[in-house]
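Trainee: In case you want the letters, here they are:
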Amino acid sequence: MSGVQSRVSPSPWVTSRATLVASWLRTRAVLREWTLPPTLKFSGLGRFGEVLGAQCLAPRETLIVMSHLKQQKVKMLEVQFVGDDDVLNHILDKEEEYLKNGCVASGGNKVYSFQTRKKPEKMAELAYEIAKTSGKSVPLICKNTEKMASTPQSSKKQSTSEKDQLKSDEKNEFLSTPYRLRKRLTAVSTFPSDTESEYSDSNSEDDKGIKQEEEKISEVLMDQKRLTKHSSLSSSSCKKVSAKKMKKDTTTDLVEEYFEAHSSSKVLTSDRTLQKLKRTKLDQQTLHNLLSKFSPPFSAELKQLNEQYERLFHKWMLQLHLGFNIVLYGLGSKKELLEKFRASMLQDSVHVVINGFFPGITVKSILNSITEEILEHMGTFRSVLDQLDWIINRFKDDSSLELFLLIHNLDSQMLRGDKSQQILGQLSSLPKIYLIASIDHINAPLMWDHSKQSLYNWLWYETTTYRPYTEETSYENSLLVQQCGTLALSSLIHVFRSLTPNARGIFRLLIKYQLENEENPSYIGLSFQDFYQQCREAFLVNSDLTLRAQLTEFRDHKLLRTKKGTDGVEYLLIPIDTGTLSDFLEKEDKEA
Amino acid sequence: MATSSVSKGCFVFKPDFKRKKISFPIADYFNEGESLSEDSKLRFDTCQLLWQQMKSEAEELQEELNKNLFDKLIEFLEKSHLEFRKKSTNWNYQIKSREIPTAALVLGVNVTDHDLTFKGLTAMLRDTITPYVVSLQAKECPDVKHLLQKLASQVMGCHIDMESTEEEEEECVQLSQKKMHYSMAFLSTWYRNVTQKKGSESVNKKITSSSQWKKSPPIVIILKDIESFSTKVLQDFIIISSQYLHQLPIVLVLGIATSPIIIHRLLPHAVSFLCIELLQSLSCKEHLAKLLDKLLLTTRFPFKLNEKALQVLINIFLYHDFSVQNFIKGLQLAILEHFYSQPLSILCCDLPEVKRRIHSLSEDQCESIRRLPSFMRYVEKQTPEKQVASLTNERFLKGRMERKSLSLHIYHENFFIVLKCLHAFTSSLPKYPLGRQIRELYCACLEKNIWESQEYEPALQLLRMLAKDELMAILHKCVEVFRSSPGKQLGSTAEKLKEFLAQFQSLEESNEEENGSGSQQKGLQKTDLYHLQKSLLEMKELRSSNKKQTKFEVQRDKVVDMIDNLVRKYLFPPDTQTLYEVVYFTGAHTLREHLNAAPRIALHTALNNPYHYLKNQALKSEDDSIPNVAPDICIAYKLHLECSRLINVVDWSEAFATVVTAAEETDPNSTASEEIKEIIHARFIRAVSELELLGFIKPTKQKTDHVARLTWGGC
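As they're listed, the protein sequences go chains Y and S.
If you count by numbering that gives the first Met the number 0, then the first sequence holds residues 0 to 591, one letter each, in order.
If you count by numbering that gives the first Met the number 0, then the second sequence holds residues 0 to 714, one letter each, in order.
These are calculated hints, taken from the structure and not from any lab test.
Note that CB positions come from ideal geometry on N, CA and C, so glycine has one too.
Among these hints, one or two may not hold up.
Distance ranges between label pairs, derived from CB positions [as the list claims (entries may be wrong)]: (1) S:Glu63 x Y:Lys363: 25 to 33 Å; (2) Y:Tyr257 x S:Glu63: 47 to 55 Å; (3) S:Ser672 x Y:Gln303: 32 to 40 Å; (4) Y:Glu371 x S:Arg264: 44 to 52 Å.
Listed below are several chain Y residues computed to face chain S (Cβ distance under 8 Å; list not exhaustive) [as the list claims (entries may be wrong)]: (5) Ala260; (6) Thr272; (7) Val351; (8) Val352; (9) Ile365; (10) Ile441; (11) Ser453; (12) Ser581; (13) Glu585.
With the rest of the complex left out, here is chain S:
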């Protein structure tokens, strides 16, 4: 092979001739390498378009969520170093100037998402406040020297970027020579030079904030992962920079993944040099909820996930990383898989586009539509003539499909509105019978008829006990949901909701009057113990006997009934809908396989039960056993499972030889020829070294000719 050698580990291959790359469109790979049909190209384009839209939507959301945090941060930055800018010399300032203004950003444990946040932050700070933004990572700064070096080179680097190529050429050269001995002193002189020059020139129109900033922009230092910095480095750095604070307007931004206490733990002494302001970012769970709302609980994007697939993605999020980015990645994979594996996904696009595409469907595609289980179910419900028509007449079929895809769209519109309303109702119930987050409710609804679930009835019971103000708040929320949704399907319901609200309001007013008079009456009465007991008894009787509902209770029941009706009418699971296969991705196992793989289990299965992969009857076996014809490594593995920490290689090899000889149908009693023995020994050696490569055993010096087991138990 061209890629094996005993002296080299890297092999570079370049295409022989430098033909100007007949740029292979990616779409070529979409259709299994077969010549690209119009259809699959269209499908791929649809897929890409959809993904791009969803991605930009997700990014927008991210920006929007960050905006709040960033605004606070900017506000903080503007407050800091006020004195410095004024060049004030008063005593108070001199004292205070020992404290570095510090913003502690608590970003949560989803470290992988932080990068994006910091990227946005850096860009925004550069645009609005200061060119001197430095972001440092712990792994770049093993000691103070490196830290300062990075810091200085980045600060000066960005300066050069801005002034680029004007007259700084020679300075550049100078800089690179000086790279080895950066210090804070050097930096501060450099800063003075630059700001003075700038003050006279007043360049840079980009920065638009207050005039003081122009003269002396602060140096913002972002420490991305404060937890992984070593205490000593941080401590030294903070002490040094606090000394220079009257010359350099330094602001620290600390990225924290755990909790703010970490600052005190990391910096027991230097913390007094910091003037910390705590800023909290949105929790990743809320982020996910917002994302789901934007991407999946909407009719904007036709693509949907079925219950299992969604559950897989959510589980990865909840149990593995809390990373929204990974969730989006999973979504991307789901989209890709859907379009790749489902030929009819060509219809997974906007409504007007769907109509156009339905008309241009080929015969084959019509045929595959007829074969869709959901469509077949639909046809079965029709009258015989129509059945025949939809199975034979293409035009008729297309007409039907048009209607059906429209109804699917409407179904989704209603579904999401009702879902959100139901969530508004149930999310505040005690113990959350239907889940606290909308994703839980959504999953439940996707799975089966929600009203048949065990938790539904108790939830309604609880709803019937809501207090008025709670109920009104919920109704307000529902009205809001209706208002924000584009669909006009449930217009009457919206009206009804508003009516209810109005009624409750009027109830409230009348109630107030009643209450007012009642309390006055009671205030006049004088009570002794006997009377008190008596009245209590009376009240009890009254309560139990007189079950007369108040006006409010009647209204409340009406509201609950209404929501119940809505749920029963609109919250079908999607797989009851015709053509649902077109827009719902169902390959939950593909997602799990590719995103959340279990290599160790795969290895174990391969070793333990070769039949799982090699479908040969000879390999078939019952539990926990293995036929002796199995691949060598499986046999060696099985034998090694018998041992404790140490394995005697001799015994192992003999056992192996016995098993293998028997498999080869030679009589074990007759002495096998020396050569066969040799070969078996060689096979054993190979199996053992393979197990070593896989990490099951390792050589040990504890005893001669022994190896140590590295795993425990059956796996």
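Next comes chain Y alone, as it looks inside the complex:
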């Protein structure tokens, strides 16, 4: 008993709000499954309604979103199974729609033009909203969707929502209303220019809508009881909706949202870049300085939290001695906590602190520090496994040996490999090696399969400290932190000073050439022959061979990279960014 309804949506489909909502009602099943195309601006919130609810769009915007929806529909032929009655109703409605819409169609077209508008202002607006209600809490995400009960259209929309969602309606209506009022107020005062202009040129029809709405809102504010009535009304209309279908929809919602968001390769976000913002990348040092000026809030609570963890130290020691190993998880840097643990409990025992977040850390270096510094073994090993075997045997033979391992960030980039974890696990399974480690990454537990877990023999402790990951992130090439290259610069100077004058000249030549070609995007380096020519002219070398000998020196210090071009010619390039290089030249010139 079901008809197949195929819909190639006609052009005058999306026009006035009233008809839109009507058709929206009918296509609710589609819409519910239909998740917002990820191309929809900044906020790729899951359900369509969420956008409406969360961001309290003006009705015109709603239209935009919807028109967008429909446009998408044009592209894909929608085939769905609906009841016979529905089909009949739909056909009737369709006819009506055509009749009604004929005149308003032009208005709809205008709406299309807004579609290209980018999202950033939306986010700013949202943030603005949060900000305005300072002190009070405001939902950043309204999970309960489709809750614009105060507007006529959304009250209908509500009927599509499930009954259980209705419970929270009242609250939400609250939340959305003050914003609208506020908006009306702030429209007079200084509103951030961008958004202001956005709203000013709305078309007449929508303005009317807004006014209507605002009237309604003020009423709502006056009389809350009406609201509840309102919602009960809508809930009665909700009965028509086949509850079963809805339920099914919501369960699959999340899954489908996921695939929707990941299927299309295009993601619509704003094109704004940091360059336009004039806020350049900060380097590590300035970042540090700036942050030191800011004192984090809630220090009393944080302290309390930490004291709570510090009380566990004795228990940890006990459990470590009884053959368990301890892993700490939770938000916030655990370095300080472990450092305190070390200072208070481990002063009289041999221990190794390992900074997993250190970019150069390897299992080999950990094992080396154990064999060389603790077991005082001078020999070398053929492989890491050999070394491990040797350590294991040493610990088995000598029962007086004891060792504490403190690993910060066991889940770091360098240690998370399967082999590293296996080796560390085997180390920690020794009865006299006690391991206490911290993890931060959300997927860290995936590193360990059953056998590794049994090697580690973990006891999990949650230590949420809320401390900033200052040190842990300082090594990372964070996207916003400019790699200032102070380290590179100092090492460059160091190497440079130890060179002969001729070699210095050669290198300087190369730097200058590279700086001159800074702007050239296709610059791949200075060809060896040209370079030789230049050096010869500057009386720096007298033969091909001497130049090559000099270059070897640079290459050894990683100051030079050679690349074969497509024509087989060798090109020389200094793998240091231009900023550092010009800094370097400046400094050298000053000294000279």
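Given the coordinates of chain Y, work out where chain S should sit on it, guided by the hints.
Mentor: This is chain S only, laid out in the frame that chain Y set:
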């Protein structure tokens, strides 16, 4: 800080002076670092002792369970290579010798437990059959070369171990030099040398089996995890070794976690070189049942788990790893936690010891006993004079406690017997209304009065319909339970059970006679369709009208009534007992927290609802919202949840700045000073890099100044 550097990731600390370690007793840590009182030391010792006992019991059980498997394996080993030992040259043998005798051990999915099994196996084989036992793991053998190298070094290594230091020194050196080019040929010549030498010397008294073994012990190669070996390596290795089979008596032992089919899947071609014998180990569930029976369903160990704690451990077992070792680990943690957190756990020991300790209880401890909820309940039931006495008079209290701890002990004795009997009855019922495994029944009994549960009545109904032979089997089982239990409390019940059994037996005999005569009668009658229908009708009427029970049915009802009475009398949940806090561990959540943690959820909670951790009123909020004064990272996280796959950093940072400025009560309309803006930007950068560290976002090159979200949904 001493442990941060830009050039180094490992920092070694040694105590300054090499004082000969004033070996800190572990017990020091037991009492929160405060000076060690006699009491807590005693408590710790009790804890350790108890744990050691339970552990050795568990190990014994493991050995016992393995023994069966190992015996079969040894039998198999002895059968294999018979011909080789006899040095027979007949044709049949020549053909057959291409097949490597292989034992496939199906050990189950609980990989973590396998190690222990293999360890036991290796030790046992070394002791009884052959010194040449090699165990290989897939990760040691990425290719055939490595495999052979490992194999040879282990075979020769163990040989050297045995002959140690006699005259093999130079050989040792030789060996290490040759390490790089091991081959099967090399191994076989080595083997010939060794066995010939041995044959003349006839050393090694350890190996006691048949004389042939002494001459040419087989080389047993254990492949611990066959599933993770690569096909090519295995295939090559098997083909090579089958070529050498007439020189080297190789036996393979394959450890299988999944199913035996895996051999065929892994080795489609080389399988013809194997002569496989399948050996199945005990399933881990049965292992667990046995373990529970030995450790918890007994009065031998005073320590018990309450329903929730036990459920947590069982759930971890069933839903996460099937690992008995992990279960034991959980038990260890439970014991430790119990003794650590419950000061009265000092009384959690053997009965005679408890009496002694009760007498030496201090005043404080008496006070804390009085404060035990179960004890308070007990006192309330007493007469007023006794109430006063037990609250004020220490000696009186101690006397009471002595009595109560004894009654607790007796309660347990009866409880377990009745529990096992009930389990014998209900475990075979259709659909298992009270659970199939004893652990399910036990949990139910721990939780509440079992006879009040919904499933109890239907179970009894079903019991009343049991056939005689089933019932008798069950009764036999029950008698067995009574016999094996040490307690003498339910002696009369045991007698009664035996009586029932005897009656059923006699019934059987008499029944047989009756049946015999009945059938004869019927055999003579001739029936047509009409009569048949008629007789059927008559029979139906007879059945419905004449509800007269047979003798057997009467007896059966009696049995069921008896078990019902027993259950109602003895299967109270333990929390009704006085002093149950002393022996029952109740911290289910601690177990879950430490054994089965959910770091991701913790992270999400911390980010989503900071009030959960920082109890500041300013942070309090309703659902799904966050106050704008929350820590930076929380705000950044919340904002990032709004986005789909890609996030524009500029927008994000502006949104962040707006929220944060508002929180700082500055007027957003007035242009904030450049410095404050800078600081906010810096805070944003930090929050973003922290989110990156936590794995919520990553930089992407898809679009300039964008980052990609790595999570989906609200979490």
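Trainee: For the range 47 to 55 Å, tell me whether the beta carbons of Tyr257 of chain Y and Glu63 of chain S fit it or not.
Mentor: The hint (47 to 55 Å, Cβ to Cβ) holds, given that Tyr257 of chain Y and Glu63 of chain S are roughly 51 Å apart.
Trainee: A range of 25 to 33 Å was offered for this pair. Does it hold for the Cβ distance of Glu63 of chain S and Lys363 of chain Y?
Mentor: violated, 43 Å
Trainee: Measuring from the C-beta of Glu585 of chain Y to each C-beta in chain S, is the shortest one below 8 Å?
Mentor: violated, 24 Å
Trainee: For the restraint on Ala260 of chain Y, tell me whether the closest CB of chain S is nearer than 8 Å.
Mentor: With Cβ-Cβ at 5 Å, under 8 Å, it holds.
Trainee: Okay, Ser672 of chain S versus Gln303 of chain Y on CB: inside 32 to 40 Å?
Mentor: holds, 33 Å
Trainee: Is the hinted range of 44 to 52 Å satisfied by the C-beta distance from Glu371 of chain Y to Arg264 of chain S?
Mentor: holds, 46 Å
Trainee: Under 8 Å is the threshold here; is the Cβ of Ser581 of chain Y close enough to any Cβ of chain S for the hint to stand?
Mentor: violated, 24 Å
Trainee: How about Ser453 of chain Y: closest beta carbon in chain S under 8 Å, or not?
Mentor: At 4 Å from the nearest chain S Cβ, Ser453 of chain Y passes the 8 Å test, so the hint holds.
Trainee: Minimum Cβ distance from Ile365 of chain Y to chain S below 8 Å?
Mentor: holds, 6 Å
Trainee: Holds or violated: the hint that Val352 of chain Y contacts chain S, with Cβ atoms closer than 8 Å.
Mentor: Given a least distance of 4 Å, the restraint on Val352 of chain Y holds.
Trainee: Holds or violated: is there a CB of chain S closer than 8 Å to the CB of Ile441 of chain Y?
Mentor: holds, 5 Å
Trainee: Grab the minimum C-beta distance from Val351 of chain Y to chain S and call the hint holds if it beats 8 Å, violated otherwise.
Mentor: With a minimum Cβ separation of about 5 Å from chain S (threshold 8 Å), the hint on Val351 of chain Y holds.
When held up to the earlier numbered hints, the structure conflicts with 1, 12, 13 and fits the remainder.
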